[in-house]
Amino acid sequence: MDLNKFYSIIVVCTILLFGSNQVVADVQVIAHPSVNIDSLSQRDLSRIYVNQMKFWSDQNRLTVFSHSTKSPILREFSVAKLRMQPHQLSRVWKRLTFSGTGRAPVMVKTEKEMLQKIISTPGSIGYVLDTVNVDNVSLKKIDIQQ
Amino acid sequence: MNKLFKTFYLIGFITPSSMAYAYDVNEQFSVNGYMSQGVMYTPDNTFLGMDDISFDVRGLGLNANYEVNDRLRLSGHVLVKKAGDVMDGDPKLHFLLADYLFHTSAEGDLGVRLGRVQNQYGIYNATRFVPNTRPGIIVPSSVYYDASFRELMMSTDGVNLYGRTNNDLGSFELNVYAGTREVENEAFELFIFKKKTPGDFKESAIRGLKLDFIPNSEHDLVFNYSMVNFNSDLENTPTFTEDQITAAQSLIADDPRIRSNYVTSFDTDILIHLFSMQYGVDNWLLTAEYARAHSEFTDVEILYDEKPSQSFDSEAYYLQAEYLGWHDVTVYARLDYMYLDTDDRDGQTAYSEGRLPVNYMSYGRGQTIGVRWFILPDLTLSAQYSLNEGTAWLPPSPGVKPAQFVENWSWSSVRLTYEF
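Protein chains in written order, with this note's numbering: chain A, 121 to 266; chain B, 750 to 1169.
Since the hints were made in silico from the structure, they are not lab data.
Every residue gets a Cβ at the ideal spot worked out from N, C-alpha and C, and that includes glycine.
One side only, chain B facing chain A, incomplete, derived with CB under 8 Å:
#1 Asn814
#2 Phe844
#3 Gly1029
#4 Leu1034
Which stretches of chain B does chain A cover? Using the computed rule of at least three CB atoms under 8 Å from a CB of chain A, they are:
#5 824-830
#6 852-864
#7 875-881
Taking the hints into account, I'd like the entire structure generated from these sequences.
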């Protein structure tokens, strides 16, 4: 086997093994209408998602929703909005849960469930793809300042 | 018990991965867990009572978290762990606590945890038995003292005060905890005396703190300092008559190595300082931790004769790099170092004075590589290979004398884990 053929096989195997990257659109952060802010810093959003901020500034309780760890939407959210590797974010959530020091976000399965949960939970925050039209539903879009 | 354990396993491993969403019972109550089955290959030394190839490595953890109201939270964790002849597979209460948040604002929190609370120490200790909360199959051998105070490192029956504040520099979090913990196995005694003695360490007072600093940075950056102190007295020490003392004195004169059989009083005080750093940049996660431990043995009496106090300093550290850039696979490499006495790094002085059966018990130098494959969202396969020089972090195994261990040894392991 010549060297080029060998390298080609290695490349094909690598793509087969690790090439499941699904490109998704941008994500938008959304909240229940009772949340009395329109924007959040990237740092505060990260604090919310690692359980370091448990209440809004008006002392209303925060409820955090997220897609599950392997969802491509979470991957996009984690890298673009939290600036954190999804594997590392998943470990932080497990550490919170299994050390008794906090809790991970409540997981949802679909975009539809995310919208339903946020609409029905005062003080909640979550995220959906940019392609999901949220203009006609009673929730709030939160601007994230980098 | 083993039957129950096996039943859990079968239920767990044949359950479809849609179970993964069953743990959020509602927004206030969640149940999580994991189960794992491993295979261990230890060609050189007995490791946790296992030789050569062993499938006797499995674990099961169940965790519940209930938010009673905005301020009060209850949390508990039961752990079943089987590893060779050392961990018996009986269920153990890992922690059970009530967490009350008595102050919270956008600037920070202040709260208290009561019950059996997790010891806050370094980056991985709070979840040292939970798979997939660290890159490898076990926590880094050097700074987490797996061979000596594993149970004491886990949790404390007592109180944990915590506070967090956010400011322009970043986020600061302080945890302070104190209480006691039962000494559940002989590893602590073997660490102190290098052999089983007639007395027992039954309970240890534990005090500790951890300060985390997360700077406002472009990257994922964490610094922390941890301190933990163990204080334990030898109990159930033997009693001797005048005649027995005279006879024992002549035996000790012939072989000083047996003097630990005649210890009539012994107090230990161990203070560990740990400095930790984790830096995430692009797809890399770099971790380094450095521990310095001061051990002091006081009130030492052999055959009621008071002996001078002893103290020594230990040092341990590791450097680790992980690549997290692939969706389904993570890889890592680590270098670990440990020296039980910084004034006698090769252990030759302790060996020549008869305090150690072999000099290489006093140090450990290790290289580890590993990989984790996320087969399904909740099913992972991890593999690890470690090559070691010295046996400082090799856990004691029943029936194996430290001198029977060889200096250069390796172990490798593969583990399948299901989380729910």
